[in-house]
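Participant: The primary structure of each chain is shown beneath.
2 protein chains.
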Amino acid sequence: MSKVYTGASMSLDGYIAGPGESGFDHLFEWYFNGDVEVPTASDMTFKLSRASADYLTGYISQTGSLVVGRRLFDLVKGWGGRHPLDRTVVVLTHSVPEGWAPADENFVFVTEGIEAAVAKAAEIAGDQVVGVNGGTIARQCLDAGLLDEVWVDLVPVLLGSGTPFFEQLGTAPVLLDGPVSIVPGDRVTHLRYEVRK
Amino acid sequence: MSKVYTGASMSLDGYIAGPGESGFDHLFEWYFNGDVEVPTASDMTFKLSRASADYLTGYISQTGSLVVGRRLFDLVKGWGGRHPLDRTVVVLTHSVPEGWAPADENFVFVTEGIEAAVAKAAEIAGDQVVGVNGGTIARQCLDAGLLDEVWVDLVPVLLGSGTPFFEQLGTAPVLLDGPVSIVPGDRVTHLRYEVRK
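Protein chains in written order, with this note's numbering: chain P, 1 to 197; chain W, 1 to 197.
One chain only, chain P, in its complex shape:
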């Protein structure tokens, strides 16, 4: 089966969002503080340092599909119809949202839980990697033994509270190996860990 990776921008104190959905100006600064333009499938263009651009395009190029939770899907209103990374997104949900078909080219809605969502995403990804979102979805994958790698974009800010990368772990401690790579960027350090199985 496809490998399953998760990645997110995280503050040094472990948060992927600050209190009240704050802190994104700091967490995502590295996406927009460089000279290298990386276009997306939306009308947004990343402007990255060379190091971060190479890192990010490397991550994207090996990613065949994505799994996200319904909360994020609703929050971003389905990214206007297509995810910025230009990949099919499997949405884990309790019910298919109104106005959407259960499956089309851009979004597939899975209601049978995280294992079914990842299996569907793996089928779509083929020999590429399944990317899952930080937060609840990554934690569910970790608890289910489905997660292979954690890509942390470590940002030099302390947010104090907010949404942890992995919230309410079912099993802890979880041992990782690595970092297997360290890429220093501008206001970010890209760290890649393997989940020990």
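All clues stand as given, with none of them false.
What follows is a list of derived Cβ distance ranges for each label pair:
no.	chain 1	residue 1	chain 2	residue 2	range
1	W	1	P	180	40 to 50 angstroms
2	W	197	P	104	44 to 54 angstroms
3	W	20	P	20	25 to 35 angstroms
4	W	128	P	1	48 to 58 angstroms
Computed footprint of chain P on chain W, listed as stretches where at least three residues anywhere in the stretch have a Cβ under 8 angstroms from a Cβ of chain P:
no.	region
5	165-176
6	185-195
Only pairs whose alpha carbons sit at most 25 angstroms apart, straight line, appear in this in silico SDA-like list of lysine to any residue:
no.	chain 1	residue 1	chain 2	residue 2
7	P	197	W	19
8	W	197	P	26
9	W	47	P	178
10	P	197	W	161
11	P	197	W	25
12	W	197	P	186
13	W	197	P	32
14	P	197	W	22
15	W	3	W	183
16	P	47	W	180
Simulated from the structure, these hints should not be mistaken for lab results. Every residue gets a Cβ at the ideal spot worked out from N, C-alpha and C, and that includes glycine.
Given chain P, work out where chain W should sit, using these hints.
Facilitator: Using the frame of chain P, we list chain W on its own:
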């Protein structure tokens, strides 16, 4: 005045201790998984990788004094009379513990708050650095604008909950700069950040 640094082993999810004071076997593994012996003033000898040994002895050699809280002082029973790093320790406390003089060569008890404790430690440190403990003391220094650098020994483990490096920050977000150095060790990555002022 002396620069003020804090350093601690921290899990990737931001904890310097797991739930119920657990996780130290993982957090401190790098102190004992190498071939390079670094003796301490106690009967403990660190056995470090070459990279971690160079990093740690560099940190120790520039440290002139330490500030810790009363809780840690009690927990380790005053390190049997002398801190393992062989430095005078300023203990921030509400009252001088029974059986101790307010000041001797090894421990100085300060009851007038964090600024007085750091000032006393700076006086002792001279042109060297004041090292303060992670947790409450580091957070108090940060809130008071006294902290210059944060040295994080980032350990590839998720503890899920426990004691954060900086707990209940009074002011957030706190911007850091760096890491100004990255030293990969064995089951640890040493990251050094400056506090932006």
